[in-house]
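Protein chains: 2
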Amino acid sequence: MQPQTSIHIMTRIVKMIMSSCFLFYLFFTITACNSSDTTVKIEQINAGIWKISAGKPEIVNLLSELDITPRDEAIRKIGKAASPVAAEAIEFKIIDGKTYIRFPLEKDEKIFGLGLNFKTVEQRGRVMRLHTDHYSGRDDGRTQAPVPFFVSSKGYGALINSARYIDAWIGTGVRKDSKNPPIARDRNTDPRWSSRPYSDNMEFLIPAEGVEILLFAGPTMLEAVQRFNLYNGGGALPPRWGLGFWHRTPTLYSDKQVMSEVEEFKKREFPLTVIGLEPGWMSHAYPCSYEWDTTRFPDPAGFVKSLNDKHIKTNVWINPYISPATELYEKMEPYTASHSVWCGIVPDYTLPEAQQIADNHFKKNQLDIGVSGYKLDENDGYDYWLWPDVATFPSGNAAEQIRQIYGSLLQNITVRMYHKQNKRTYGLVRSGNAGTSSFPYVIYNDYYNHKDFITALINSSFIGILWTPEVRASQTAEEWLRRMQTVCFSPIAMLDAWADGTKPWSFPEVTQQVNDIAKLRMQLIPYLYTTFANYAFKGIPPVRAMNLEEGYQEESKLEEGKLDATANPYAMALKKEAKDQFMVGEYLLVAPLFTGETERRVILPKGKWYDFYTGKLAGEGEIITVSPGLDRIPVYVKDGGIIPLWPAITELENRQYPLEIRHYGEKTSNYNLYDDDGETYNYEKGECTWISLKVDTDTKGGKRGIVIIPENSKVWSFSDYRFRFMSSEETK
Amino acid sequence: MQPQTSIHIMTRIVKMIMSSCFLFYLFFTITACNSSDTTVKIEQINAGIWKISAGKPEIVNLLSELDITPRDEAIRKIGKAASPVAAEAIEFKIIDGKTYIRFPLEKDEKIFGLGLNFKTVEQRGRVMRLHTDHYSGRDDGRTQAPVPFFVSSKGYGALINSARYIDAWIGTGVRKDSKNPPIARDRNTDPRWSSRPYSDNMEFLIPAEGVEILLFAGPTMLEAVQRFNLYNGGGALPPRWGLGFWHRTPTLYSDKQVMSEVEEFKKREFPLTVIGLEPGWMSHAYPCSYEWDTTRFPDPAGFVKSLNDKHIKTNVWINPYISPATELYEKMEPYTASHSVWCGIVPDYTLPEAQQIADNHFKKNQLDIGVSGYKLDENDGYDYWLWPDVATFPSGNAAEQIRQIYGSLLQNITVRMYHKQNKRTYGLVRSGNAGTSSFPYVIYNDYYNHKDFITALINSSFIGILWTPEVRASQTAEEWLRRMQTVCFSPIAMLDAWADGTKPWSFPEVTQQVNDIAKLRMQLIPYLYTTFANYAFKGIPPVRAMNLEEGYQEESKLEEGKLDATANPYAMALKKEAKDQFMVGEYLLVAPLFTGETERRVILPKGKWYDFYTGKLAGEGEIITVSPGLDRIPVYVKDGGIIPLWPAITELENRQYPLEIRHYGEKTSNYNLYDDDGETYNYEKGECTWISLKVDTDTKGGKRGIVIIPENSKVWSFSDYRFRFMSSEETK
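In the order they appear, the protein sequences are chains P and A.
Take 1 as the starting number for the first sequence in the working numbering and just add one per residue.
Take 1 as the starting number for the second sequence in the working numbering and just add one per residue.
Rather than coming from a laboratory, the hints here were simulated on the basis of the structure.
Treat the hints with caution; some may be incorrect.
Treat identical chains as interchangeable: a pair holds within one or across any two.
As the list claims (entries may be wrong) - Simulated crosslink set (DSS-like; lysine-lysine; CA at most 30 angstroms straight-line):
#, residue 1, residue 2
1, K41, K703
2, K51, K80
3, K310, K77
4, K176, K331
5, K606, K154
6, K80, K266
7, K503, K562
8, K616, K700
9, K179, K331
10, K176, K363
11, K119, K451
12, K562, K256
13, K80, K107
14, K154, K608
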């Protein structure tokens, strides 16, 4: 909202006067308030949600440009709750033209979230600048999803709703006016001296003269996250095919090569539901045309149709930068930034005109011929090729603001296009921010550390995004299998062979095991689909950090550092935290192994837990050490867990499949299984069914399974229900 | 300059009105100018120096808080010159409340400087945020000396004189309105595609509504650097003892332990001119008292005197944060920040009151008892313990501004204190910025990569600071010796044994060689002292990048990257550049070897170069490969080079020593040797002598050396002049 070259002089003068007025107003309110505090307005907007407005928040924020409808009714259902940190306890000041925010912290309070971190789960004690970017190998705030939302172990969360780079000091800065000040110690002689004295506050700096904060009560952390997700429109419900197995073919593959790869999957009986095409499907890429390359794909419509006929969906890669060699270029040019990226123009997608032009072009070239969705690449930016922060955009929005929400904008435009056609899409995106939880997109990136990928999977659940630890290549068969095992327990089970041309069977030693896990993924679709329905309607993250699980207790430890003038001159301590196990859906605890490991520790929350494969008791609220061998990824089921499974299909038809209903442990229980047509938005009009799967005790004291389908309800996906009591089998 | 709690309400109202007026003025000038460009004032302030004022520059900048007197006369002597990029060719805009700056770039133009980088010398193609901080292992702008000064191979330099974090895109952003736009290519099929297309501009973003730029003409890069240094008061002239050998003792050593360490130096005949005391000399450290610990140092004055009597100076470590356990605390408290560091208060050293309080305390506890100077630690900041950017300071200056200049401020205060006593000091500092070239402080840090230390040594010469690759510890005798060899060719030859308790003789296998190089350092003092005099009076950096040397040509090469989905998904090219050799003074080229290397390439600039040790011809404007063995660091002398050498003394008395004058090569030449009392500022009043050392041809065609001492001039340091014709000896 700055004076721009393109804006007429009269508009500028009006803006000038407005700016001056605003500034008078601002100074007035500042001076009217106690000392340098700024005006703060607090408004409760739903059960356990407050909007706090400090100073003059900017018009463009993380949510303002997105089509989001809060799921108010679902929020009300979670119920009323107070926030342990009341809106009034948050301190605001305008300092040096920026907004200062201070939240109190208590002694044992833990903080989670604050962006898609790859190496750490607990964020207390960290300093970051939340900034959309390639992840660089450090949890410094530069990440594909720098969501400024945190959740506290005290049972509340807060979104700092600003599309600016946000500086955060999470329990590091020590204020002189602290209520719990640390004690000064002499480093010379006092062994209790620490390079990082205790801090009782979280501080943020927003480079704008005002900000909006959304405060979410718990009482549990999970409920705070649920309120956050529901406020953002709820979670995404992917089409059912999206939960199958994806394979992205090498970038320059032709239609024939893709079809022969598909045949190879069939021949080898490997599951396949989605084929992803990489840049080579396009006539020009980096920058893009979004038009088919007719040398490699002479009949795009026929190609997509023949895949659809085989029950395989087509997903296409794009990036946001438009090639001069396309008819789109001239139309879009007036709505683009001052800078180019890879010589492509950069649409200002905060402008409705730019959105409409893209929509028309995408619809014509992809949606209308049956393409199921996109892989939206390169919207996370990387300083060396992205538009710099000095770039200007025709909307007048700052380059920084557009960078923070570019991935969100692209998700919004494409989801809206599919929604208009009453078709669900599911795709990949390189970046996202707050407000995208309802968008059916999964974040991925170039970084490729397997352990860190799992930490990202855990962290995604705090901040309303989805993440896939996609498989691309591996050094060894062991690594290949270990990666396949984890990706099959993630939002998208995908092999991305764009550059390396790997196949699921690239490592013959483990081909059978990879086939097994891919088939297990297909079997789990009913469970995963329900898991996503709970995300959509209740805001419960489908893949969850253990910290969001009731009865989970983990003490992170500080390991003392040893003084060393070259490696550790401050004798800094290192934090050890569990960041390698997670929950999938209501019942499954997944504890992956990584290359080189033959055993691992698993922290089991309170209650009994059972081995997924055998039904045997694994432990009860304790830390166990397991050595499960290479073939299987350790998975545990909560006592009373009900897991609905399909047969081990390799292609996904739109029809009913027999359902095996596994029950684990001793507890009687009830599981609500979700079903709908799997591909349209008709569920929004109520066309969906919740089937009750119940296990109770029969008159003889044995277990009994009951399936209750509500009257007059359609069932799309299931037939031949068969219960299997896993733990009883084992004990018999 | 924000409303502060501590400022009276009337002052605030006055400021309010002033702010409003300023804003009207700003909007007025913006609208009065062509489109969104802002008002720009250009003023030539000396020969080849222009001050450019865009918008409303902030009052506090990198130079405003320092006692600097430009050496106007010396600048005039360099002569008039035009800048190849005229002041008018620099573009300014106010965007989103920030100042945008654009410099044009030409095809083969190279850019140097922009902070103390450790891994790169050429800066074109890089993106950074210049920000005072610990160096993190990446050249991203976070460094101990983020000086926003660059020098271009076209022969000019510019200082962006803002004490803000400055974002810089050095030939990366591509503008649509570029005059030399790159060509869009299809990445799918065009092998010429690059992830980083050609950019013809340098762009900067200053988070303030105006900025001052100082533009320095060449015509050579060296002259642009000289003008920059002279504008900042010229270079530092250390006391002569500062150029000897320094040893910092372990942190908890008592006076007796230090004295016995000194005795050990004498016994082993190792040179020693300065003893450095680490935190343990103080009664409280981290935070500090600046008062002596009387258990370890019962008689500080006696201790310092007894060292002085042995011709050994005392340097003491301090950091800026003040312990509650000191009388200083209460006095300083009103002038400190909102936040503490290690529970110590943080003085606002932009306030004269704070400066005076520190001055009094330092004078009483150090200067008055004969301490020669400081090691100013921890003023570079590290986000995890420094005051955060949300901190407020009583001056109203932003935390960001104070962070950018905190090291400069501490240098300024302590140098001023010594200057008032007409005593020169020489010390170490953890950070600096533009404007500190005249301050006798050398930057060091915790990072410890030997090769990168040399790259920093090279880069220091572009930005008006001094750097030492201090030796602390080593894994092997080889590394120990290699590090000792380079530190003896740097501004401070120092072993810093604070944590590890190493001694120069810690590796018996190389004790003799370490002794040799330390003694060579002592021999070189006359040459080094003159080198520094040329820094002081002419602005010529004492240690210089090869790129500043006439006749040096080095083609940096791009090595093509190989596509790999996990390691290099953009097939990025890697730049190879020479960053491991440098000039010391007028004649010496130093080409160090590093652990594990037995040979290396040396790029010899135009003309003949001779081996320093033997006088033999080494090569002529060519690249040579040398394998000099472990004992010696390769050093080459320019044809006609005259190197004055003292005897291999181990202690430095204030008296005359016999002078060996080495001449290398065939060229006749003239060297101006500098002399003064070596410890006061009397040289500023003209009490100094330039001795002319001449080598010409005698009547028989042989070489002849002549020493010309100006009439009525005092000579402090030299006697018994003896010429030695190194290259002739060799040929005889």
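Hint check results:
1. Proximity of K41 to K703 under the C-alpha cut-off of 30 angstroms is found in neither arrangement, the shortest distances being 56 angstroms within a copy and 88 angstroms between copies.
2. In the homo-oligomer, the alpha carbons of K51 and K80 lie at most 30 angstroms apart inside one protomer (15 angstroms), although the nearest pairing across protomers, at 62 angstroms, exceeds that limit.
3. Taking CA atoms no more than 30 angstroms apart as the test, K310 paired with K77 passes in neither setting, with 42 angstroms inside one copy and 83 angstroms between copies.
4. When the C-alpha separation of K176 and K331 is checked against a cutoff of 30 angstroms, the pair qualifies only between copies, where the shortest distance is 16 angstroms, while the shortest distance within a copy is 57 angstroms.
5. When the C-alpha separation of K606 and K154 is checked against a cutoff of 30 angstroms, the pair qualifies only within one copy, where the shortest distance is 19 angstroms, while the shortest distance between copies is 70 angstroms.
6. Proximity of K80 and K266 under a CA criterion of 30 angstroms is satisfied in neither setting, with 52 angstroms inside one chain copy and 79 angstroms between copies.
7. In this homomeric assembly, K503 and K562 come within 30 angstroms of each other (Cα to Cα) only across copies, at 21 angstroms, whereas the closest approach inside a single copy is 46 angstroms.
8. Taking the closest pair of Cα atoms, K616 and K700 come within 30 angstroms of each other only inside a single copy of the chain (23 angstroms); across copies the shortest separation is 105 angstroms, beyond that limit.
9. In this assembly of identical chains, the alpha carbons of K179 and K331 lie at most 30 angstroms apart only when taken from different copies (23 angstroms versus 59 angstroms within one copy).
10. Only between protomers do K176 and K363 lie at most 30 angstroms apart by alpha-carbon distance; the minimum there is 28 angstroms, versus 59 angstroms within a single protomer.
11. For the identical chains of this complex, K119 and K451 are neighbours both inside a copy (8 angstroms) and across copies (29 angstroms), given an alpha-carbon limit of 30 angstroms.
12. Taking the shortest alpha-carbon separations for K562 and K256, only the inter-copy value of 27 angstroms comes in at or below 30 angstroms, while the best intra-copy value is 61 angstroms.
13. In this homomeric assembly, K80 and K107 come within 30 angstroms of each other (Cα to Cα) only inside a single copy, at 26 angstroms, whereas the closest approach across copies is 65 angstroms.
14. In this assembly of identical chains, the alpha carbons of K154 and K608 lie at most 30 angstroms apart only when taken from the same copy (26 angstroms versus 73 angstroms across copies).
Consistency note: the structure conflicts with the earlier hints numbered 1, 3, 6.
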